[in-house]
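Participant: Below, each chain spelled out in residue letters.
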Amino acid sequence: MNSRSLLHDSGPEPGGLGAGGFDWSATPLGPAEGWSDDLRAAVATALGRGGAPASAPARSKPADLLTPAVILDALFNAAPLGIGVWDRDLRFVRVNASLAAMNGMAGKDHIGRRPADILSDIDGLDEVMDRWRHILATGEPWLDVELRGSTPAAPEQERIWIEQFFPIRAGAAIVGIGGVVAEVTESRRVEEALRQSESLFREFAAASSDILWIRNTITSEYEFLSPAVAKLFGGASNVTTDLGLTYDWLEAVIPEDREETRAMLAQVRNGRSIVHDYRVRIPGSGKIRWLRNTAFPLRDDQGTITRIGGIVQDVTDERDAAQRLNVLIGELQHRTRNLMGVVQAMVETTLTTSTGLDDFADTFGARMTTLARVQNLLSRLDGAERIWFDELLRCELSAIGALPEYDARVSLEGPDRVPLRSGGIQTLALAIHELMTNALKYGALGQPDARLHIRWWLTPPTEDGHARLHIDWRETGVAMHAVAGDRIGQGRELIEYALPYQLHAHTDFTLTDDGVHCTIVLPVAHGAERTSDL
Amino acid sequence: MIADGALADRRILVVEDEYILARQLMRALAQEGAVVLGPVSDVARALALVDQAQGAIDVAILDVNLVEEKVYPVADALRERGVPFLFASGYDADEKQPRFATVRHLVKPLVMRSLVATLVATLADSPSDG
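Note that the protein sequences, when read in sequence, are chains P and C. Here the first sequence is numbered in the working numbering, starting from 10 and rising by one per residue. Here the second sequence is numbered in the working numbering, starting from 1369 and rising by one per residue.
Isolated chain C (complex conformation):
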């Protein structure tokens, strides 16, 4: 465990279209004691999960580039519900949309240590993190 329990029981939504990467994330987050929602590989499934969770999501990891689509509608839905999130993508950070300019952004390949640290920081940012 990297985060000394900071992620324990946290409900983390994972949107990542590459199965092997999603599985790796899932395992790493499980080791931190987190509860993984998903992972899901496309916007439609992600939106369905967000709806279904009814706000019971602590934080989300969003892969920006999914197969033939961008993850931004999911980001909008999460923002509407006050759920903090971070982006992960193979593109350089300056490529993302201006309205998400302040959102934390990790460049792939993900390093678990920095992912966990960024998740903890993102959680700390959010007002819902009482």
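Isolated chain P (complex conformation):
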């Protein structure tokens, strides 16, 4: 290489540089005779001025061969860093192999040229030159300079270097500039990607309503804990999202779940991934929340578990909903099976009172549709909602077209929205159905001049805490000749026995000269007082 031969051939001595054994005229610097004093000094420095002459006579011992010049020369050439030397005119004086490679041209092609002549695609070169002049003027180094741009080595690639520039002195005089160049393009790219990925992760973790955590198994410290933890634990003083946190989760876990939680985490440290639900008590409010921890081991390059991580989700609402659903399913199951029993019993009862299959079909069919209507009302009952008496009554009347709007014989009088207790609604509906069926066949709804007046009202709670609904069913103007006692039997039994049995009702069923008069007094749902005011 040129620079090598240059050094060896010249055998530089302070005085003999220009006249020495090297023909400089072949280099871009031109013949040494034409050099400025500065260039002369810079070349002398770069070539290891003062190293060779003193030791020259004692070359017999091998150790003596390691002159400072030889050492520097070796370092200069072998260094994986780019090294360059510039004279006071900012022209390249020396370039090592690394820098030459970075720049994409032979070392000799640099010599005597200014950076702008050969490396014009490096950003901000003018400013760099200004700073170099400043170094020459003041002797202050310019360190950790980041330069970007491309060189002929890879014209399309944007590269990054970190450079150190320092003055080269010859005695008191600053004769040139030395520079050390480290290429950081790749490491910057990795760093940048890492930073982006980390920032993405943090953004992700911050946006997540779940708690993301990473814990060092050696120090037991949390290396990451996402902000959601503060949301869950509110103002609890020992919870922060700062790294280096040693917050003890187990402290918040309720005692019943603590042992299992500890055991599960131990499994994670032993290499298993787990999903575990446990309860915590929120400090301050004292509320219990269900958390689901999906935790897993994190391994280092050697495959050793040095961290465990996980995602903690508040599953309280989910578990509550699942439980409510279970209760509802249970209730549905209960109702359905009960209903099947009722239907079965109804078949038996209807069979024993029917005169034939047609009669059975009529009566049973009507009773079934009543049951169906009640199921319809009950199916929307979710515990908070109630079925109202007036709603039930209208529902039954409308089924036979006997609402006052359509049947002038019928009149209704009573408050809206009287809430019924859910148990026994079916039986009450069946009783009303039987009263109506009888009225249709033998009573007020079967005779043009008869009347049916249904009145209801509430009385305040008695000592048992229940308000009571009074129902007064009065048929008038009925010609009582056609009454067959047997046929009234089913309705009468429901009123006189079923309602007291199942609804704790007091009932009275009387056949007057004028038609049926039936009174039913039954306890209604809590809150009936309030609701009836609406």
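In short, the hints are calculated from the structure, not lab data. Computed from a predicted structure; not experimentally measured. Heads up, a few of these hints could be off.
[To be verified] A few chain C residues facing chain P, derived, Cβ under 7 angstroms:
no.	residue
1	L1389
2	Q1392
3	S1409
4	A1412
5	N1433
6	Y1459
7	K1476
[Unchecked claim] Distance ranges between label pairs, derived from CB positions:
no.	chain 1	residue 1	chain 2	residue 2	range
8	C	A1489	P	D517	41 to 47 angstroms
9	P	S218	C	E1437	37 to 43 angstroms
10	C	A1489	P	D473	35 to 41 angstroms
11	C	Q1465	P	Y415	50 to 56 angstroms
12	P	G312	C	D1444	55 to 61 angstroms
13	C	R1467	P	N335	17 to 23 angstroms
[What the hints assert, rightly or not] Anything over 12 angstroms on all C-beta distances counts as not near chain C; from chain P, calculated:
no.	residue
14	A78
15	A115
16	I120
17	P150
18	A275
19	R344
20	M349
21	A354
22	D367
23	V419
24	L508
We put the beta carbon where it would ideally sit given N, CA and C, even for glycine.
Starting from the structure of chain P, add chain C where the hints point.
Facilitator: For chain C alone, kept in the frame of chain P given last:
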């Protein structure tokens, strides 16, 4: 008659809140020659009957889910007096309380034949069934 007189003159307490089902049970048991105590529809009435009977109950059929309450206090009272009983409910058997895990459990709707058979078996279990 299904049970060939095995239930004849047996005093059977029936707790069932649905009137129509209670009536059906009553009729079926009467056909077996049994004496029905009740039926009653709630815990308070059932406890009163248990007290009143002073141990003169051979076996009981308890509907688990009554209006707004469970039948378990009645079961406890019967157990205290050494009276055998069985549960009937619309819920699956695994829903019941652990302390009654060994008690026979029938799922509604009840089939009379299996009810009678279960009653006979429950009676046979009990130490008082000399």
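Participant: Does S1409(C) pass the interface hint, meaning its C-beta sits closer than 7 angstroms to a C-beta of chain P?
Facilitator: 5 angstroms, holds
Participant: Is the interface hint for Y1459(C) satisfied, with its Cβ closer than 7 angstroms to some Cβ of chain P?
Facilitator: 6 angstroms, holds
Participant: With respect to the beta-carbon atoms only, verify the hint that S218(P) and E1437(C) lie 37 to 43 angstroms apart.
Facilitator: Check passed, 40 angstroms falls within 37 to 43 angstroms.
Participant: Does K1476(C) hold up as a contact with chain P if the rule is Cβ-Cβ below 7 angstroms?
Facilitator: OK, holds: K1476(C) within 7 angstroms of chain P, min 4 angstroms.
Participant: Can we trust that L508(P) is non-interface, i.e. its beta-carbon lies farther than 12 angstroms from all of chain C?
Facilitator: Violated, because the least Cβ-Cβ distance between L508(P) and chain C comes to about 8 angstroms, which does not exceed 12 angstroms.
Participant: Just want to verify: V419(P) was marked as not at the interface with chain C; is every Cβ pair farther apart than 12 angstroms?
Facilitator: Answer for V419(P): holds, closest chain C Cβ roughly 28 angstroms.
Participant: Given the hint of 41 to 47 angstroms, check if A1489(C) and D517(P) actually sit that far apart at their C-beta atoms.
Facilitator: Since the Cβ atoms of A1489(C) and D517(P) sit about 44 angstroms apart, the hinted range of 41 to 47 angstroms holds.
Participant: Are all C-beta atoms of chain C more than 12 angstroms from that of D367(P)?
Facilitator: 23 angstroms, holds
Participant: Holds or violated: Q1392(C) as interface residue toward chain P, Cβ cutoff 7 angstroms?
Facilitator: 4 angstroms, holds
Participant: Can the hint on N1433(C) be confirmed by a CB-to-CB distance to chain P that is less than 7 angstroms?
Facilitator: Cβ of N1433(C) sits 6 angstroms from chain P, so the hint holds.
Participant: Between G312(P) and D1444(C), does the beta-carbon spacing fit 55 to 61 angstroms?
Facilitator: 60 angstroms, holds
Participant: Given A1412(C) as an interface hint, is its Cβ closer than 7 angstroms to any Cβ of chain P?
Facilitator: It is violated, given that the least Cβ distance between A1412(C) and chain P is near 10 angstroms, above 7 angstroms.
When held up to the earlier numbered hints, the structure conflicts with 4, 19, 20, 21, 24 and fits the remainder.
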